[in-house]
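Asker: Chain by chain, the residues:
Protein chains: 2
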Amino acid sequence: MSSETVRLSLAEAYEFARITLLNAGLGPDHATSIATLLTKTQGDDCHSHGLYRLLSCVRCLKLGKVDPNAVPVLHDKAAGIVTVDARFGFSPLAFDIGRPMLMEKARTQGIAAMAINNCFHFSALWPEMEALAAEGLAAIAMTPSHSWVAPSGGKTPVFGTNPFAFGWPRPGTLPLVFDFATSETARGEIELHRRAGKDIPSGWAIDADGKSTTDPSAALEGAMLPFGGHKGSALSMMIELMAGPLIGDALSSESMAFDNGAKVTPCHGELIIAFDPARFLGGRSEEHLLKADTLFDAVLGQGARLPSQRRYQARARSQTDGVLIPLELYNELKQL
Amino acid sequence: MSSETVRLSLAEAYEFARITLLNAGLGPDHATSIATLLTKTQGDDCHSHGLYRLLSCVRCLKLGKVDPNAVPVLHDKAAGIVTVDARFGFSPLAFDIGRPMLMEKARTQGIAAMAINNCFHFSALWPEMEALAAEGLAAIAMTPSHSWVAPSGGKTPVFGTNPFAFGWPRPGTLPLVFDFATSETARGEIELHRRAGKDIPSGWAIDADGKSTTDPSAALEGAMLPFGGHKGSALSMMIELMAGPLIGDALSSESMAFDNGAKVTPCHGELIIAFDPARFLGGRSEEHLLKADTLFDAVLGQGARLPSQRRYQARARSQTDGVLIPLELYNELKQL
Numbered sequence: 053m054s055s056e057t058v059r060l061s062l063a064e065a066y067e068f069a070r071i072t073l074l075n076a077g078l079g080p081d082h083a084t085s086i087a088t089l090l091t092k093t094q095g096d097d098c099h100s101h102g103l104y105r106l107l108s109c110v111r112c113l114k115l116g117k118v119d120p121n122a123v124p125v126l127h128d129k130a131a132g133i134v135t136v137d138a139r140f141g142f143s144p145l146a147f148d149i150g151r152p153m154l155m156e157k158a159r160t161q162g163i164a165a166m167a168i169n170n171c172f173h174f175s176a177l178w179p180e181m182e183a184l185a186a187e188g189l190a191a192i193a194m195t196p197s198h199s200w201v202a203p204s205g206g207k208t209p210v211f212g213t214n215p216f217a218f219g220w221p222r223p224g225t226l227p228l229v230f231d232f233a234t235s236e237t238a239r240g241e242i243e244l245h246r247r248a249g250k251d252i253p254s255g256w257a258i259d260a261d262g263k264s265t266t267d268p269s270a271a272l273e274g275a276m277l278p279f280g281g282h283k284g285s286a287l288s289m290m291i292e293l294m295a296g297p298l299i300g301d302a303l304s305s306e307s308m309a310f311d312n313g314a315k316v317t318p319c320h321g322e323l324i325i326a327f328d329p330a331r332f333l334g335g336r337s338e339e340h341l342l343k344a345d346t347l348f349d350a351v352l353g354q355g356a357r358l359p360s361q362r363r364y365q366a367r368a369r370s371q372t373d374g375v376l377i378p379l380e381l382y383n384e385l386k387q388l
Numbered sequence: 053m054s055s056e057t058v059r060l061s062l063a064e065a066y067e068f069a070r071i072t073l074l075n076a077g078l079g080p081d082h083a084t085s086i087a088t089l090l091t092k093t094q095g096d097d098c099h100s101h102g103l104y105r106l107l108s109c110v111r112c113l114k115l116g117k118v119d120p121n122a123v124p125v126l127h128d129k130a131a132g133i134v135t136v137d138a139r140f141g142f143s144p145l146a147f148d149i150g151r152p153m154l155m156e157k158a159r160t161q162g163i164a165a166m167a168i169n170n171c172f173h174f175s176a177l178w179p180e181m182e183a184l185a186a187e188g189l190a191a192i193a194m195t196p197s198h199s200w201v202a203p204s205g206g207k208t209p210v211f212g213t214n215p216f217a218f219g220w221p222r223p224g225t226l227p228l229v230f231d232f233a234t235s236e237t238a239r240g241e242i243e244l245h246r247r248a249g250k251d252i253p254s255g256w257a258i259d260a261d262g263k264s265t266t267d268p269s270a271a272l273e274g275a276m277l278p279f280g281g282h283k284g285s286a287l288s289m290m291i292e293l294m295a296g297p298l299i300g301d302a303l304s305s306e307s308m309a310f311d312n313g314a315k316v317t318p319c320h321g322e323l324i325i326a327f328d329p330a331r332f333l334g335g336r337s338e339e340h341l342l343k344a345d346t347l348f349d350a351v352l353g354q355g356a357r358l359p360s361q362r363r364y365q366a367r368a369r370s371q372t373d374g375v376l377i378p379l380e381l382y383n384e385l386k387q388l
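Protein chains in written order, with our numbering: chain A, 53 to 388; chain B, 53 to 388.
I should point out that these hints are in silico values taken from the structure, not numbers from a laboratory.
All the pointers check out, no bait thrown in.
Copies of the same chain look alike in the list, so a pair counts if it fits in one copy or across any two.
Below 30 Å or equal to it, Euclidean Cα-Cα: the simulated DSSO-like pairs (lysine-lysine) are: (1) 263 <-> 315; (2) 386 <-> 117; (3) 117 <-> 343; (4) 263 <-> 207; (5) 315 <-> 343.
Start from the sequences and build out the full structure, keeping to the hints where you can.
Answerer: Take a look at the structure:
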């Protein structure tokens, strides 16, 4: 693979993404939401969730799986619940449409939940967490995926890679945000090892007989493993339940069945919970939020990193220097 | 240590715990809440959270750290938030007093939060999760502890062992419940290895220089490690923030400072979130809750276990056979 790269300013990256999506037949509102998101992730050096994802978006559109003009429908479901039916469109526009009501409910009730249903999900969850935390709310999000991961002590895939994300508002500075898969690694990582002819570390996956394997092909035909043994497995099960049956949407196994071998991005639900510190704390809100700095300082002071630290460093760099895209990917995207 | 045991029926275990607490000067409402809790945990074979905990409860009382007659104060803080100020008493009574309002708010709003503040915490979180799930609500709980755990990539204790718990209602059968520490192991486990003169597995802890150690004494003077590397570490940080500053209560480091070397159980806050599936799903609630059985069947069908399975088996046994307490512990408790 060539190591040549193309440099794009963030504005150019955004326009490139937007035009690519419009040319692939995606409706303008969806194209705007997705281009905004991919520019943000690319600018934060999340290459696997950056412009690279245009490939799978366009593939999804060409296969006719996703509705390019789906208009998400907002429901004021209960005092503390908003739901957005994405109507088999991509998820980012659904989030954008639901966010104001979620925020309003969190600010009124102190806590509120948003369920996004029937959406095609390809994005990281952290941009959503950051968007809420930037407005002063703490937030948690979770979503299933496709059933690739065996439960701890098992050997057959049941759970998805089921990401869990969190955002925390910091007065006067960027929010603390994290977002991790509850699988030991990303499925794409195993695929990359297979393509490079390299072994995977043990602990990532098991083969079809349930035995530990370092062979990426055997791993892809077997099952991925949850992170952190039975604890990660329990967390992954919680995500299946909370962003599945609780919100009337698909388990990872159902989402995989719905995909029916097309290998497009999962279609399912997402659960987001927002908390307003001002409602929990009243006038002492800022004082307590600032106390969290004691915690962050104790982590940083010993040379450990905060979850969002690297991304924010990349962001500062991207704002002046733009982003670097592999030339091969850039050319491939141009031909879409 | 003698392997002799004493068999008590659940009713006898309850009365034994209650009388022990009353004799130690604990107020009757607290004694009832705690005796109920310890009988339940003992009956479920959670020995480390069973009658054994009477030792630390009584020690706490004798040291004058905990208020034996604290009357928890309930606040209707916002439409979606209830707070209970435990006023430096033990936590179980505070939970019992706050639970009805939490449930009512969850059923009205769809989602609600309960913050318990200024409570001495020695119990597992799962009985609280089961109590809510048994009433048809899904629930999440978290609490900090004492700062014993280093962040991933660090070497100095910052986080507590910070448990995370979850409950899920299952129509017609016992709820699914889990409860795990976000540290790789319990501090008591390291202590037990030290007393037995045994090495601990690598990955549990680091020494004071930040190096991996299998020496339990070096581990106790160094730092415990989070489970699951940077992901478990991130989850532990979330718990510090959500059950600390968000609810106006202590970080694990503050709780440790408050303890001031007395080595009693942590005094701090707890956050509980309750979700009403009926509000999320309307008339389709039971249909979707039953769909979760697909997931549970897929786990059980491959020989893996569900999180609460062993406890429920123990419970069924305890209901007919009672519980077995080591004679040495029983005699020690009788002399309190």
